[in-house]
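Just so we're aligned, residue 1 is where the sequence shown starts under UniProt numbering, counting upward by one.
Quick caveat, the hints were computed from the structure, so don't treat them as lab data. The beta-carbon is built from N, C-alpha and C at its ideal position, and this holds for glycine as well. Honestly, I wouldn't trust all of these hints.
[To be verified] Taking CB as the label site, the calculated pair distances span: (1) T77 x T39: 15 to 23 angstroms; (2) Q15 x L84: 23 to 31 angstroms; (3) A31 x L84: 12 to 20 angstroms.
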Amino acid sequence: ARKALVSLPSTETMQIFVRTDRTHLLEVSPAQTVADVKTAVQALQGLEAEEQRILFNGVQLEDSQVLAEAGVSDDSTLMCMLRLLGGAKKRKK
């Protein structure tokens with residue numbers, strides 16, 4: 001199966017919601033990437049982009065994914081969560 005390439009004019013925008021501990025309204029282009037959303041959240045809330053996980057419909061999105069290709073459309077809601085760091089150190093017996 002071949003992926004359909006969709007060329008979108010860069011002037012086209014959509015509004016999406018990003019939920020952290022608050023809900024932010026972002027105006028983005030469907031051609032932008034998940035990394036762009038992380039950068040916007042970092043600017044709004046100071047959460048490091050590398051520490052963020054972006055989920056859409058329960059699925060974690062990769063930084064390189066284009067929003068339109070991930071199924072994100074106007075009025076979509078993305079969840080932004082912080083990465084969990086590894087567990088406690090192993091105890092010595």
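Discussion item. Checking each numbered hint in turn, tell me which of them this model violates, lowest number first.
Written reply: Of the numbered hints, just 3 does not hold.
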